[in-house]
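Peer 1: Here is how the chains run, residue by residue.
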Amino acid sequence: MAGNLVRAAQLGGVAGFAVDTDSAREMIFSIGEVRTQLQDRLRRINDLKVRARLGDLPEAQSIAELDAKVASSDHQSLDYVLARFAEVLEEADQALEIGMRNYEQIETEAERNIRRAGGEIST
Amino acid sequence: MSLRSILVPLFVVLTAAGCSAPEAGAPAAASAPSVPPSSQASPLPSAAPSTGLATIEACDLLTAQEVNSLGAPPQGRAEEVLGLRRCDWGGMEGGVSTAIDEELGIDELVLSDASSVTEITIGRHQAKRAVETSGPGYCNVFFAVGDSANVSVLALYLNDTPRACAVADQAAVLIEPKLP
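In order, the protein sequences belong to chains A and B.
First residue of the first sequence? That's 1 in our numbering, and the numbers climb one at a time after it.
First residue of the second sequence? That's 1 in our numbering, and the numbers climb one at a time after it.
In silico SDA-like cross-links for lysine to any residue, where the CA-CA straight-line distance does not exceed 25 Å:
hint	chain 1	residue 1	chain 2	residue 2
1	B	Lys178	A	Asp40
2	B	Lys178	B	Pro74
3	B	Lys128	A	Ile45
4	B	Lys128	B	Ser50
5	B	Lys128	A	Ala52
6	B	Lys128	A	Arg41
7	B	Lys128	A	Leu48
8	B	Lys128	A	Tyr80
9	B	Lys178	B	Ser50
10	B	Lys178	A	Arg44
By construction, these hints were calculated from the structure, which means they are not laboratory data.
Taking the hints into account, I'd like the entire structure generated from these sequences.
Peer 2: Shown next as structure tokens:
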């Protein structure tokens with residue numbers, strides 16, 4: 001999935017993905033907040049994971065080991081999924097930047113065309 | 001039999017048995033008379049030795065200026081989770097966190113997922129540097145504080161381990177003098 005959003009936004013160019021500046025800025029701000037919270041959660045999960053409390057009882061060990069496994073260690077683990085989510089959000093951020101530039105380019109081109117048309121009419 | 005002749009004895013019995021509604025948020029009822037704790041308290045059989053960490057907060061381990069020098073937002077967010085006192089300074093690109101753990105020594109930490117674990121000494125403290133404990137971009141330094149406590153700093157910059165370790169190493173040097 002990595003890069004798909006950005007590639008799509010780039011390939012589309014001015015004829016493809018475009019988003020007006022105000023909307024894009026609002027979305028980029030919101031995505032930024034989510035990305036910040038995600039990073040906080042990932043650090044918290046790591047801090048807890050390395051401190052799985054292993055008591056003396058075998059039951060306590062089993063539970064702690066299971067907790068650690070759920071929190072981490074494979075591609076279905078919480079930290080893996082959140083890390084991938086953070087990557088997708090970063091990509092969405094970049095795609096919005098491209099979409100915003102595309103929109104500005106469309107606006108500039110439209111303005112230029114109108115002026116050119118106005119000039120042709122007046123001459 | 002009149003209603004009064006039933007209710008009065010019932011009231012007396014309930015009052016004698018202490019059947020009053022507990023006050024919300026009040027501690028469990030203690031029937032023993034209150035005495036100064038010093039005259040009655042007996043030492044706990046397995047009281048943990050003091051590590052000197054009780055008065056330190058995780059957010060005090062780095063000043064705003066120090067956090068700024070690490071490239072993270074200076075406003076720390078404190079939390080206590082499962083007995084761990086933590087502080088987070090981070091933005092959307094990444095950041096650092098500190099944690100005070102008064103339960104585990106550094107040899108009890110679960111670092112088997114790390115790509116590398118190195119025993120190091122910073123200032124007066126033994127420490128372990130664990131890289132990629134939860135994947136690329138994670139770098140931790142765990143300080144030993146006595147045998148059964150540790151203080152850690154974690155830098156996370158997803159998929160950028162060299163940057164994370166540069167920040168973690170720098171933060172560790174700043175934190176170490178503040179530890180007991």
